[in-house]
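Respectively, the protein sequence lines represent chains A and B. The numbering of the first sequence is the working numbering, which starts it at 17 and goes up by one. The numbering of the second sequence is the working numbering, which starts it at 17 and goes up by one.
Do not take every clue at face value.
The list treats identical chains as interchangeable, and a pair is accepted whether it falls inside one copy or across any two copies.
[As the list claims (entries may be wrong)] List time: in silico PhoX-like cross-link candidates among lysine-lysine, alpha-carbon distance up to 20 Å: (1) Lys203 to Lys157; (2) Lys154 to Lys203; (3) Lys154 to Lys103; (4) Lys110 to Lys121; (5) Lys103 to Lys31; (6) Lys48 to Lys121.
The set of hints was computed from the structure by calculation and includes no laboratory data.
As a plain string of letters, each chain reads:
Protein chains: 2
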Amino acid sequence: LTNKTTGHIIHFMSKRESKKAHILCRGLEVMKRQGYNGTSVKDIVDAAEVPKGSFYNYFASKEAFVLDAIAYTADENARWTQNILQKPGVPAMKRLENYFQSGAKSACGCEYEVGCFLGNMAQEMSDSSESIRCSLEKVLKTQTAMLAEVIEEILQECKNVDLNADLTAEFLFNAWEGALMRAKASKSPHALDAFMANLAPLFQHAA
Amino acid sequence: LTNKTTGHIIHFMSKRESKKAHILCRGLEVMKRQGYNGTSVKDIVDAAEVPKGSFYNYFASKEAFVLDAIAYTADENARWTQNILQKPGVPAMKRLENYFQSGAKSACGCEYEVGCFLGNMAQEMSDSSESIRCSLEKVLKTQTAMLAEVIEEILQECKNVDLNADLTAEFLFNAWEGALMRAKASKSPHALDAFMANLAPLFQHAA
């Protein structure tokens, strides 16, 4: 194995990077369930099965850890979102429905626990850490912009002039976050079903 | 002053009840900003300017405190909701818009901090405390039912058969919670504006 091929640099994870990713992923699982303030550095290292001191070799603080966890989650979400929303050969409205249905399936798969890590952090941390808030604002904006693209397609197809793609993307993205939160509180799919039932009617406009 | 008038029992707060309400209100202000895990019993008694020991004269635990705080907030919300949603002489759609606009004004008044205490607790605590989750589920259901009544009126007035009042109430209530969360993360009214921009179009159905 070599780090270089013709013209491309192939990036192999160093041992250090791999160890950091391990602590990040295991710690993230705990923080998803317990929140920021409910998770101690000890909880993170226990979950990763590494000594406490080694945490600080990779993260300057719990806040630095969560900033990395937000970036990691945003990357994962972006990949997943892009796959569904830009799938060739599928009508725009169907791609939008698939996106939320896939989210509902994944929420159901973990019995409506967790919800959305980014939403959880926004709710818990926006007032107490400005760097966490700014980082969340940035990644939520990127995700909303991906939704706006497909919504623009839908509005053009159905010649709907009552809605604005950016505002409807922001509305639906936040409505979905709210529905995930409610599903978590009710431990039932009802909030997600209610979301899906109102999705198509939103785009049906009076002539 | 007397506790009894003709036929009515007027309820005066006892000294004990008044002291408990004082600790509850002051502690709630702190917990609204810092969350459940970010608020210690010491934070609560410091905010109420009472000795730490006196907390346990009124609340068996921090969990018992938050259950009372949820009930108190739900009562306040119900009063406010009822005043707006059942105001005589105002068209149903206008009452619904007034309800959310009044919420937006209040969120703006505190610079988009806090959001909704019930939503915050749902997000932070649903996975870690079953008694908090059940109490939240109950009060969120009551609030959603109040919205469903006015939505039923709107649907009848505009002869919209695409929407179901209960599902649309659940959708809009959760969408609003999500918008408040996003406003908190962005420290801007944009999410609330996006919500308002999509409210009327949702009820405009294709003939």
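Outcome of the hint check:
| no. | hint | in the structure |
| --- | --- | --- |
| 1 | Lys203 to Lys157 | between (28 Å within a copy, 13 Å between copies) |
| 2 | Lys154 to Lys203 | between (29 Å within a copy, 12 Å between copies) |
| 3 | Lys154 to Lys103 | neither (25 Å within a copy, 40 Å between copies) |
| 4 | Lys110 to Lys121 | within (16 Å within a copy, 36 Å between copies) |
| 5 | Lys103 to Lys31 | neither (35 Å within a copy, 66 Å between copies) |
| 6 | Lys48 to Lys121 | within (18 Å within a copy, 32 Å between copies) |
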